[in-house]
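Participant: Sequence:
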Amino acid sequence: LVQSGLAVTIFLSPGVPMDLFALNDKVAIVTGASRGIGEAIAWAYARAGARLVISSRKAENIDPVAAAINETFPGRAVAMAAHAGEAAEAQALVAQAVASFGRLDVVVNNAGTNPHFGPILTAAESHWDKILQVNVKGPFLLCQAAIQQMQQQGGGGKIINVASIAGIRPGAMMGVYSVSKAALIMLTKVLASEVGSDNIQVNAIAPGFIKTKFSAALWQNPAIANALISETPAGRMAEPEELAGIAVYLASAASNFTTGAVFTIDGGYTI
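Each number in our numbering corresponds to the 1-based position in the sequence shown with 11 added.
The set of hints was computed from the structure by calculation and includes no laboratory data.
Because the structure is a prediction, the values reported are computed rather than measured.
The beta carbon of each residue, even a glycine, is placed where N, CA and C say it ideally should be.
No false leads were slipped in.
Keeping only pairs whose Cα atoms sit at most 16 Å apart, straight-line, the calculated EDC-like set for lysine to aspartate or glutamate is:
id : residue 1 : residue 2
1  : Lys69     : Glu100
2  : Lys222    : Glu250
3  : Lys69     : Glu97
4  : Lys148    : Glu100
5  : Lys224    : Glu252
6  : Lys222    : Glu252
7  : Lys141    : Glu97
8  : Lys148    : Glu97
9  : Lys224    : Glu250
10 : Lys222    : Glu253
Quick list of the computed label-pair ranges, beta carbon to beta carbon:
id : residue 1 : residue 2 : range
11 : Gln155    : Arg46     : 18 to 28 Å
12 : Pro244    : Ser204    : 29 to 39 Å
13 : Ala265    : Gly129    : 35 to 45 Å
Could you put the whole structure together from the sequences, leaning on the hints where they help?
Facilitator: Dropping the structure here:
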């Protein structure tokens, strides 16, 4: 690695491809892609050369994202309405990827929910059911369907679960959500230990304080926002696009020896 001013030249050993981060001809499913982190990852994958099946619960939310991607990258994206947490719909997403593009290489489990904001002891049974269905059961079901397809077609694959720093350090007023994301992190590790021999890598991204509609209850409250920012060495919240780099890395050949890992993208919050 030679650095001069702002220019950086990387010299790779013989046999190491220069396009380690390219996703040319890769087929990816990205859930929860109608906005925020999921949409940012979908765009990053399209720019890197991937073909996409992107999903959200409602067609009217996900169709415009696919249309915008296809306007820039013709034929790259297929939209599908799917409910995270339903086995039949997880299987349908995988079937759609294979029908549209012939295979499946990458899955990003980004869809999530948090209908309860308050002390954990105030959570109703319905809150637990909904949060665990979408944030834990849903990723498992899609992983199950996707890994079966990856094993059948051969060649390995990539699973990327979008967890949260709340799964590492309890999130204020987000107790049930924190439990669900801790479970997703452990699901990531369990799957990584079981499918590594199939050349399938399973990793998790744990975002910190990201400015999205999903996190509006945090950043729209000045007291909470200021407290979180003050505990973040970077001194600010992040934009969804700032997670694109790690998502591309984990989907690419650059991460072929990376599995069972949890990447905190949090501006130093969990130091």
